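Enquirer: These protein sequence lines are chains A and B, in that order.
As numbered in the numbering used here, residues 48 to 161 make up the first sequence, in order.
As numbered in the numbering used here, residues 852 to 961 make up the second sequence, in order.
For the record, the hints were derived by calculation from the structure and aren't laboratory data.
What you are looking at is a predicted structure, and each value in this text was computed from that prediction instead of being measured.
Keep in mind that the hints are not guaranteed to be accurate.
Computed list of lysine to any residue pairs in SDA-like fashion (alpha-carbon distance at most 25 Å, straight line) [stated by the list, open to error]:
#1 B/948 - A/91
#2 B/948 - A/75
#3 B/921 - A/144
#4 B/907 - A/118
#5 B/948 - A/61
#6 B/948 - A/92
#7 B/948 - A/120
#8 A/118 - B/948
#9 B/907 - A/149
#10 B/907 - A/50
#11 A/104 - B/947
#12 B/921 - A/118
#13 B/907 - B/921
#14 B/960 - B/902
#15 B/907 - B/945
#16 B/921 - A/143
#17 B/908 - B/871
#18 B/960 - A/105
#19 B/910 - B/854
#20 B/948 - A/157
#21 B/907 - A/61
#22 A/61 - B/892
#23 A/61 - A/93
#24 A/118 - B/947
#25 B/960 - A/88
Some chain B residues flagged as far from chain A (calculated, every beta-carbon gap over 10 Å) [as the list claims (entries may be wrong)]:
#26 857
#27 859
#28 870
#29 884
#30 892
#31 907
#32 911
#33 932
#34 933
#35 948
#36 961
No residue lacks a Cβ here, since even glycine has one placed at the ideal position from N, Cα and C.
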Amino acid sequence: DTGVSQDPRHKITKRGQNVTFRCDPISEHNRLYWYRQTLGQGPEFLTYFQNEAQLEKSRLLSDRFSAERPKGSFSTLEIQRTEQGDSAMYLCASSPTTGSAEAFFGQGTRLTVV
Amino acid sequence: TQLLEQSPQFLSIQEGENLTVYCNSSSVFSSLQWYRQEPGEGPVLLVTVVTGGEVKKLKRLTFQFGDARKDSSLHITAAQTGDTGLYLCAGNTGGFKTIFGAGTRLFVKA
Numbered sequence: 048d049t050g051v052s053q054d055p056r057h058k059i060t061k062r063g064q065n066v067t068f069r070c071d072p073i074s075e076h077n078r079l080y081w082y083r084q085t086l087g088q089g090p091e092f093l094t095y096f097q098n099e100a101q102l103e104k105s106r107l108l109s110d111r112f113s114a115e116r117p118k119g120s121f122s123t124l125e126i127q128r129t130e131q132g133d134s135a136m137y138l139c140a141s142s143p144t145t146g147s148a149e150a151f152f153g154q155g156t157r158l159t160v161v
Numbered sequence: 852t853q854l855l856e857q858s859p860q861f862l863s864i865q866e867g868e869n870l871t872v873y874c875n876s877s878s879v880f881s882s883l884q885w886y887r888q889e890p891g892e893g894p895v896l897l898v899t900v901v902t903g904g905e906v907k908k909l910k911r912l913t914f915q916f917g918d919a920r921k922d923s924s925l926h927i928t929a930a931q932t933g934d935t936g937l938y939l940c941a942g943n944t945g946g947f948k949t950i951f952g953a954g955t956r957l958f959v960k961a
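Chain A on its own, in the form it takes in the complex:
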């Protein structure tokens, strides 16, 4: 296992379209996180899964956003009816359940809404 993998790396979409991103975490990690990062800012927490259970969802995540982790392995993040303000880097990270909770990140999906 080479780390957290995200797909696609880049996505350009028209306003109003739906997009879905995929994240494959490090295989032995139970925790999976989604973050959003805009230019000049640090990553902002969006949501967290422990195995298949979504345990927290940020207020940043409007009802147009939904995330799933159906089998406790890979996760998807869907954005419906995209808006220009959704343009950002979407980062996925995973961490083991025990230990110091340090998170390992994927390379991110850069979303541009035109």
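Given the coordinates of chain A, assemble chain B onto it according to the supplied hints.
Expert: Just chain B now, kept in the frame of chain A:
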């Protein structure tokens, strides 16, 4: 609200110089991480500190966790152009959520 404030926001130095960047909060953290991020890539973990007063070294990088576990510093000795990037600190207060500072953008000139 937990906030991690990083300073300076931007730093441009000459190759060979030393520098220190800071990460401060009013919250106590059970652990704190430093990451480096290059444009278009995800953050890469550099170090985790968990004990107040802890000092860790990674080649020319020295990380310190404050005694009260509310702050941290990263010192780079003899900076190289390859050190250029965004340095992020991130803290965990004992739960599952890690919060990030806005980062220090370092540019090392040849």
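Enquirer: Hey, residue 118 of chain A versus residue 948 of chain B, does the alpha-carbon distance stay inside 25 Å?
Expert: The given pair, whose Cα atoms are some 21 Å apart, holds under the 25 Å limit.
Enquirer: Does the structure keep residue 61 of chain A and residue 93 of chain A at a Cα separation of 25 Å or less?
Expert: 23 Å, holds
Enquirer: Sort out whether residue 75 of chain A lies within 25 Å of residue 948 of chain B, counting only the CA atoms.
Expert: This hinted pair holds, its Cα atoms lying about 19 Å apart.
Enquirer: Going straight from one Cα to the other, do residue 118 of chain A and residue 947 of chain B come out at no more than 25 Å?
Expert: 20 Å, holds
Enquirer: Does residue 910 of chain B pair with residue 854 of chain B here, judged by a C-alpha cut-off of 25 Å?
Expert: At roughly 29 Å apart (the allowed maximum being 25 Å), residue 854 of chain B and residue 910 of chain B break the hint.
Enquirer: When you check the alpha-carbon spacing of residue 907 of chain B and residue 61 of chain A, does it fall within 25 Å?
Expert: The given pair, whose Cα atoms are some 47 Å apart, is violated under the 25 Å limit.
Enquirer: Is the Cβ of residue 948 of chain B more than 10 Å away from each Cβ in chain A?
Expert: Contrary to the label, residue 948 of chain B does not stay out of reach of chain A, its closest Cβ about 6 Å off (not over 10 Å).
Enquirer: Measure nothing beyond the straight line between the CA atoms of residue 921 of chain B and residue 118 of chain A; if it is 25 Å or shorter, mark the hint as holding.
Expert: Violated, at about 37 Å.
Enquirer: Please work out if residue 948 of chain B and residue 120 of chain A have their alpha carbons no farther apart than 25 Å.
Expert: OK: residue 948 of chain B and residue 120 of chain A at ~19 Å, within 25 Å.
Enquirer: Is residue 948 of chain B close enough to residue 157 of chain A, meaning Cα to Cα at most 25 Å?
Expert: Given that 25 Å is the threshold and the Cα spacing comes to 23 Å, the pair holds.
Enquirer: Between residue 61 of chain A and residue 892 of chain B, is the straight-line Cα distance small enough, at 25 Å or below?
Expert: 23 Å, holds
Enquirer: Confirm or reject the statement that residue 870 of chain B sits farther than 10 Å, beta carbon to beta carbon, from all of chain A.
Expert: 19 Å, holds
Checked against the numbered hints listed earlier, the structure breaks hints 4, 5, 12, 14, 18, 19, 21, 26, 29, 30, 35; every other hint is satisfied.
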